[in-house]
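Asks: Letter by letter, the chains look like this.
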Amino acid sequence: MEFAVETHGLARTFGATRAVDGIDLRVPAGSFYGFLGPNGAGKSTTIKCLTGLLRPSSGDIRILGLDPATASVEIKRRVGVVPEDLALFDRLTAAETLSFVGQVHGMPAATFKPRSADLLSLMDLTAAATTLVADFSHGMKKKLSLAAALLPAPRLLFLDEPFEGIDAVASRQIKELLHSFVARGGTVFLTSHILEIVERLSTHIGVIADGKLVAQGPMDEVRAGKHFTGTLEEMFISLVGGERAAVDLNWL
Amino acid sequence: MLRIFRAFVWMRFRVIVNSLERTGSRDTIERFSVAVEKLGPIMALLLLIPSTIGLFVLGIATGFALAQGASAITLMIVRYFLLLVLVLTLVGPMVLPLRDSGGLVRYLLLPISRFNLYLAQMAGGLADPWILLVIPLVVLGIPVGLAVGLNVVAAAIALVGGLAFLLFLAGVTSLASSVIHLLLRDRRRGDVVMLIVIFLLPMLGVLPQLMIPDTRGAGGRRLTREERHAQPPSFVAHAALRLAPYLPSEMYRRTAAAAVTSPMSAAIPLAELAGVALLIQSAGFATYRRVLDMPATLGTRRAGSLGGVWDRVIPGISPAASAVAFTQVRLALRTPRGRASLVTPLMMPFMLGAILARRGSLSLPGVEGEQGLIVAAIGAFTSVLALLPIAMNQFAIDRAGFTRQMLSPMSVRDLLVGKAVGNALVAALPASFVFVLALAVFHGSHAALWLGLVLAVVSAYALLAPAAAALSAIFPKAVDMNSIGNSSNAHQAAGLLGMLAFVASSAVPLLLAFVAVNLLHRIDLALLLLSGWTLLAVGVSYLAFIPVCRLVASRCETLAQYY
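So the sequences go chain by chain: A and B. Here the numbering used here runs 1372 ahead of the position in the first sequence, where the first position is 1. Here the numbering used here runs 1 ahead of the position in the second sequence, where the first position is 1.
Next up, chain B with everything else stripped away, as it sits in the complex (with noise of 0.2 Å):
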């Protein structure tokens, strides 16, 4: 068994080892790409250390709290870090790479006991960070409190708990990750899942503002703190409450609490807390087994056409570019990260709507008035916000098909260009969804500004182009498009870079129809000035793809290899 564990760590800790020693660097770019992606481990590593002291202190200073029957106000603190570990440890398997997936073959040619795979695969679920931060703070830090205020009794109950706690949230993290392998076994009804997850996660962004008392009275009045607190709380705040005994992080809350003035008290939340592991453990086990029974991938995806519209030409750039236009809308949409940055920004209007049916008005200053307007601005910024992590590794998408466009008798600037174009349709069609449902739900009074709001968009994108084609040829980065978290993100200098350029290319005409209308007063001068500053931003992008084309096919090699 020893033995077993042994080789497992040894094996994760040489993969580590070894995705830092990136062989086969072709040039000085490459190296540094390579270094600035390492950067970004070794902060969140840095980090660590002192958010465990951290924890390990608060960890203590609540134990000798409760141990001298104080009210702890850190207490409070460690109840919603719990919960927030609670929520982090069922999303997690969700937005990271399936666990162990790719391995689970091997391991069964392996002369180890199913139940050994299970202990390994769980002991796995310990090394994510948020599940990591639990043992300074609940096995090491409140048990030390406890018997530093003199009560050994309860500091042993609390360790119980704690430990209880840790085997769930293994347990939760363990099922969640063969329940998700079990989904995305059949590859079409993976698609599937993954599509209601890409549109369930937005909604929990509204969440926090469902369950905010609404702050306005009748007439729109503000209403006062006191006339707040006396508000009763809403459905879903309601909800919660109800729910929230029932979480294992209140069991283990309760479990600590109830120690230190009975022991015996604690027995019952303890033993619901031990029981509810267990019952996860065993569920988490059941589940592992059948994905032992059947861990390779089943079914085929077939995809439908849209009559000859692929076929055709886009007007004004040439077949070529066309061609990988085309293919690049066709490639994010059936990438669960494409369609996250396809669901994302159609999902604002909806989530704008939340929060305009509770605070009553949604305005900025100088269009107030213009809720439409503000809608459909931050529907289309976002639907180009949320393409950057495409954009910016724009030749990932590709895989291998990568090393076919440079085999097809095209230049780069073909390629480039229908990149940039086929980018434009995939912002574009959330956009144009959230622009119309804006325009037909609040009937925008400023047909100029509207049209000010298209060149806007236009402006910033045109500028983001190049840029965008620049920063995927210096930091390329492999990554996996079914995963919709980290390891579908560009590489972090091109994500950081990129969000500056966007925030550059946006501020520009969002200032100009600022000055115009709010300085100004004259909202048709906005119109005249964000269609010289379209045709400038315009003229600066076609130049800028001069020299950005020399750059990729400097790099083609190296991408080539890269993907």
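In isolation and in its complexed conformation, chain A is listed as follows (with noise of 0.2 Å):
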């Protein structure tokens, strides 16, 4: 099986806290994987290992089967990324910012120009193209930076917590184009709180807990490999430990 994501021992430390604690995932091509954790499981971590935001402590990485440590720029140019604070430059307007993207891919202006108003389109953004991010809604800004990661089609995206903040038409939208971009062949490794939008849309998922992973495989075969007929949401809650009683606050 090709994997458009491998890791090997993947370990990151901050200190003596061991954010991610070896891991191994593997990411299949053409697959919409899920990844899941409680927290401050080491989610954002992993995806910014992934995505060269953060150099391993140890471990090896293979994207697109290309190492980091030898092909970042040929990996950045493949690969679209919506990181966790969205990297976007508050002084540029959104038609701007697409074109940035366009221009450090190296693609001409006849190509990066109708692709930005399709997805400034798509995103509900034209009437806000010439206007500052600063000026941006939370959810705007979410969707100006997925069609900043769409723009140079890249064959994988890495996508974190793409669904928070953005309405339910847009959601859909973004839902549907996501389905028919793994439809296309290609890859999408996504982090989510919303285990809905998780069981609907992905094919594969990956459970992260205190930075180590706990499951991960395709999604029937993690709930029968863990005797689960119940919810996502069941699953994961058990999977990471989290049944807790609740707290009687009776001064309330």
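Hints are all accurate, no fakes.
Examples of chain B residues lying across from chain A (beta carbon under 7 Å, computed):
1. 303
2. 321
3. 332
4. 400
5. 401
6. 405
7. 408
Everything labelled a hint here was simulated from the structure, so no lab data went into it. Just so it is clear, CB atoms sit at the ideal spot from N, CA and C, and this is done for glycine as well.
Mind assembling these two chains? They're in different frames, but the hints should get you there.
Replies: Next comes the structure, spelled out in structure tokens:
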């Protein structure tokens, strides 16, 4: 099987804290991979390591068969990212942001201009094309960041919480877009706290807790392996050990 | 009420303490950088102690001399100091970040009355160093001095006057902060207001020049001291003299002086001062209430396009570097700090023109009669100098966009070349304007010298660019580019070392030109020497970028965390 993302013993430490603790990810090419974990489990640190924003403390990474240590520019050419903080220039407009992305990918204006127009239209940002990003709402920024990730037609998408703060209409459009992207052979690596979305979209899942990968594989296989017939939310809580007794705030 | 004040004091204290305890330090360089950054405030705090003692002693000396009926020279010092405080109180809110703008919404959710919120905000203004320094002088020093001189009634009047003056200053600070908040609340209007402020601030630098009487008489002869004293004051000086009695600092001085001779006669200036203070406080509270009615910012800013100019690739560099360069220019021109870097050199010809109009000439040794060249040289080097706050912290302007660049398919060299070219374009805009204007107005006589000036600036910038990239990577600082004051400056160490690099890189070509023109009297040789030096500087710059690229690559992770 061909893997879009493959890691061996990937680890990242911050001082004494081991944020990612030797995980072995296998993301098949052409899959929709949902990467789940509670807050502080190491999801964003993993994505940062995979996208080159953080250097791993140890372990190997292969992205689309390439080694980030020696082919980082080539990998970035084929990968789109919606990072946690969205990574947008606040004093550029939406159109200028997409123009910047097109230019750094070496695309001629004749290519990136129509693509930008399509993406702005899809994200319902055409009217805001000349507005500074600083004046955007959080949802608008998220849609622009997604448009920037899609503009160079990548083969692999890393999406860190892409549906957070997005309205229902746009959310539906984006889901359809991602479906067709995967149908055409693209790979999506997505983190989200909205488990219904992950359950509906993902073909594969990986679950991380305390920096360790506790489950991974095709959705059905993970369910079968854990002998689970309930919802993804129930399976997730069971996997990360989140069953806690409710605290009674009797003073409230 | 007291509980609320205690909570506010505790919150401000924790904010200061927490800012000193930076968490998430990544490496030794960052820890060093943070430690150096903290040196400035510590030094300022240390300087505040002797200043406070000095002003207290000055106040006692003044009060004692007044009580003894002696003509106190110290009173003149106090007078000008209070005038300076008045100016700083007015200018301070313009160059400092907006006070409390972020916390207003949170405060409104708390069960605190608006008046108490106003009192807390106004009390915060007393922490401004220039206002803090007034306390040992007028609230403590002068009344104590008068009391020591056994004039207790005058001491009491001076104390009331001092408190009224302090109330006035705190009111002005609060009012100015609220007015600025209201002006900037609409983002588009805010941009226009900041642009006007940026234009006006350099003009303040010309004011003293306009107030100094003309030192030259007919035929350019330098006037004697007696002749200068006999001259009538200039229009600006005349207007300032007419305005002076209405200044609260003067009202305070008159109160303190009159209290000694006749307490009753001190009642008028004291009443005036108290009245002005109450008026300002009322206006401050009314304006603050308006801010509280709608604390959020409004409106959206749009940016026009320049046709397809931005979509082109700058010749000689990669498309990625070109995109970074154009982005750097756009970001700089869309922030008040960036605009200040652009406007300050643009004001140079007018400021120098004002000096020229008053002094009759502008000359430097070796290039007498070349006034245009001097204006162009000062304008061009000032353009590079004005760029330093941005160039020495060149990744800060990207903010979250820095991460976008890290995710983009480009090498660190592309990033640094793009930054260097972008910064060069920002400096080139005002420099070219001043150069062309000076050439058009003064008609330069030696083409070689004008060409030499271009080479001198290019060579200076070529050497400065790798130093700027390295210092930006070693000493990163998250800045507020909406401010034109200290909060938008580069890291103190980067600023200092950058200034040294600027002086060193500018000194060599200027020295070469001086040697050729002044000592060897060969203007053509100056051009030859500067051409050779520029070639060498560009070569050194190219080589210097190799280790700087490695340095920045090793620091990218930390920089991405920073912004």
